[in-house]
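J.: Below, each chain spelled out in residue letters.
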Amino acid sequence: MTSLLNIVDLWVKFPTRFGEFTALNHVNLDVSAGEIHGLVGESGAGKSTVGAAIMGLLQSPGYVSDGEISFMGNNLTALSDDAYHKLRGQRISMIFQDPQTSLNPLLTVANQLMETIRQHADISHNDARKRAVELLEVTGLQDVENRMDEYPHQFSGGMRQRAVIALALCTNPELIIADEPTTALDVSVQKQILELIRNLCTERNIGIILITHDIGVINEITDRVTVLRSGRVIETGDTATVLGKPEDDYTRALMAAVPRLDKRLHRFKNIVSDDEFSAEDTSWRIDDASADYASEWLLEQSALQQSKTSNHKSESQLLEVPQISGTSRAPGASLSDGEPKNIEPKNSKPKNSKPRQAILSVSELAVTFYSGQPSWFGKKEGFKALSDISFDMQPGTVLGVVGESGSGKSTLAKAIVGLVDPSAGNMTFRSETLPPGSARTRSHPVRRQIQMVFQDPYSSLNNRKTVESIISEPIEFYGLATNKQEIRKLVASVLDLVEMPQRAMLKYPHQFSGGQRQRIAVARALVARPEFLICDEPTSALDVSIQAQMLNLLKDLQEAFGLSILFISHNLAVIRQMADNVVVLRNGRLIEAAETEQFFSSPADPYSQMLLRETPSLRFLQSPI
Amino acid sequence: MLKAWHRLAHENELLYLFLNNRVAQLAALIALLTVGGAALSPVLSPTDPYDIASIDIMDSLVPPVWSDGSDERFVIGTDDQGRDLLSAILYGTRLSLFVGFLSITFASVLGVSVGLMAGYFGGRFDAFVMRIADVQLSLPAILTALLIDGIARGILPREQHDSLMIVVLTFAIGLSLWVNFARTARASTFVERNKEYVQACEIMGMHPVRIMLVHILPNIMGPILVILTVDLAVAVLLEATLSFLGVGVPPNQPSLGTLIRIGTEYMFSGEWWIVIFPSAMLITMIVSINVLGDFLRDAFNPRLR
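These protein sequences, in sequence, are chains A and B.
FYI, the numbering for the first sequence is -10 to 614, going by the numbering used here.
FYI, the numbering for the second sequence is 10 to 314, going by the numbering used here.
Hints are computed from structural coordinates only; laboratory data are not their basis.
Treat the hints loosely; a few may be bogus.
[Unchecked claim] Computed cross-link-like contacts, DSBU-like style, restricted to lysine-lysine with a CA-CA straight-line distance of at most 35 Å:
no. : chain 1 : residue 1 : chain 2 : residue 2
1   : A       : K258      : B       : K204
2   : B       : K204      : A       : K373
3   : A       : K252      : A       : K234
4   : A       : K373      : A       : K2
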């Protein structure tokens, strides 16, 4: 294979008012025709900058300060803007991450394709249309002739991404740069798109640079891979070699941080810690504040509560894995997956202890959303976000909730915390009825007992408040401590507990990275001394190594305080690492409920089996960790 | 100290942009001079234009010092009643700014609280309030102000007119400007309301008033600050217009608008200074405040940078 694109010693710099920031530092890359070259790294590693540098689309004021990008023998860095404009689109194309924004919503798919085709080739309207049909057929879109005249919003995410790929193919490019092409897609669609990219690459002999943060995707389709970190190439080579026998410590750590689908690990090991704090940060301490102090404070209360609610149980007892039972009862017999879902009959006894009261029990829960204002005439019609959800959760366990986007996972969480009102069904929390959100009084005890950790650490913390006031707010609000000194000490201790320097309390959320913010969010949830924690995709916005740290932290906290956690994720591998029991949701219905190990070894429902099959496996990850 | 200043200038986005924007600095300087001059008018001005006893009708229509027939005491001349124009302008600016600040405070408090509630609660309250705002927006602000002014004049007893005029004026201008604040606050609250930190507060069971004031309000202050500056200029202008039309402040306490109105009567008979100097003052002040407002808008909106 001849070398299609050759990058030698590329430096990209961004001048800022704090001095020059080096985005790419001595990067070498070599892509051949008919090869998929993966670029993998965490956020800020410079993956997208490589793509932008090749396309000549570096965001101002960034510039290539040194090095050479040669594409089929031409040096791209020496090209004029005009020449670059011709090359772009004609010979190098790009596929973007979000098909929602990379298509113009005001033009039909056909028009967008034809516009691009006619921009680059002097052909008639009809010929361009024929060409567009061909291209869409290549990408595997069904019923092309009829659907190509629709607008992007009428397409599903996967179909849109196919249209974007067709758009990239319009001009028969020799090189395609795909920047996170499947990140916005569900696993089942992801698999199809990846297969499509693979086929295009081999059939048309196109070189593809696949930029992604997902090692599973890299593993699935790339021939060769380059690992980037902070703008430097860490390792490069055949995918099998790099992933199977990583040479560099960073690559090894990165692989170790990827949650595994095939077995449950107690903890993630050898993870990179790039949360480096300055000495100033770590040496600043409040007297007597420590993680131990925080855990004592948190435990003292939970012990109190335990003795109040049921016969007193020791901490170790709380740690054993209790049973779950889940049922999905649809009205009538017309349920497609008719077999009973009871893994364990509700009143069957757990192996070695007397039956325990479920901490949370949900029965026949349904949530319906009405679009806009309910109509004044006729019956209200709405979108059923959840219907007939029933499950029990034992205290001290982690229940994983899995499902694709739109399956109702978050709605379930919102119904439990009272942000949305269920339209039917009951919830009981610690054998007391849990009133729906609008009927839940402001001083209801569950307001404190159930806490939530949100998905997006950038919007879940109020940017105008210091970390200290964010964390102390629940303490003051619930009246858990009143002495100002005491509160300050608690805040510092809890920060210690979530592995943040105590000095963080003086800063504002925007001064922290996503992972650190998420730790602060966990700290805020913890100081309320909750018994029940809802984590709604707590790691999906984080890099894998940060995700691993976060999952470790959550596991530790769960074990230490015997928390019950409802853990929502779309990522099966994460669920496998975290959950004791799993429920699968699809289109608002409960598909399957099972114990985690059982679920992953033999999923009962065809949909669950499909989900498991489509999740990118890590076949190269054989090394024992 | 110097080091701390350097660090602040480097880290604070707003300050950094300000220090690198000559136009904004110039505008700030001018605005500061006008506001300062107006605030210190009792100290700075040579005479007291409100003091009828000190005014001599024989001094009326004296031209500025560089013209023939001028008087040393009146640097930029006098008006038709013999008031020193410089003192009148300084006092007039003070009055204009006072009414402007007062009415903009009234408008912002009203508008922001209505907007916050509309954005937070949504539903019927939102629909109701925003329709009122739409209706009001279809009327020019000056009409609203005139209407309220007229009603107030009709209701209030004649002898209290002069003493209550400033209150009425503030009320009239404030009521005609609240819509901008309400709409901006509502739109920003809508965005913030759906963020997860607000949901976290709701889960805790925090009182909605506390959520709005403690959590949402600081997060929507950016756009509101912009409107505050831009609308301050509008309020001052509105006051000047009302005074120009003769329905504003009482004539014995001339504001800039009153002075301009008096000036227009003499414009074509050669006494140009009575209209030119107050107008120049008004324009300078409005332009500098507007430039500052634009600077703030750009600074708070990264996409415009």
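J.: Now tell me if each hint is right for this structure.
T.: Verification of the hints:
{"no.": "1", "hint": "A/K258 x B/K204", "result": "holds, 34 Å"}
{"no.": "2", "hint": "B/K204 x A/K373", "result": "holds, 23 Å"}
{"no.": "3", "hint": "A/K252 x A/K234", "result": "holds, 20 Å"}
{"no.": "4", "hint": "A/K373 x A/K2", "result": "violated, 51 Å"}
Hint 4 alone, counting from the list given before, is not met by this structure.
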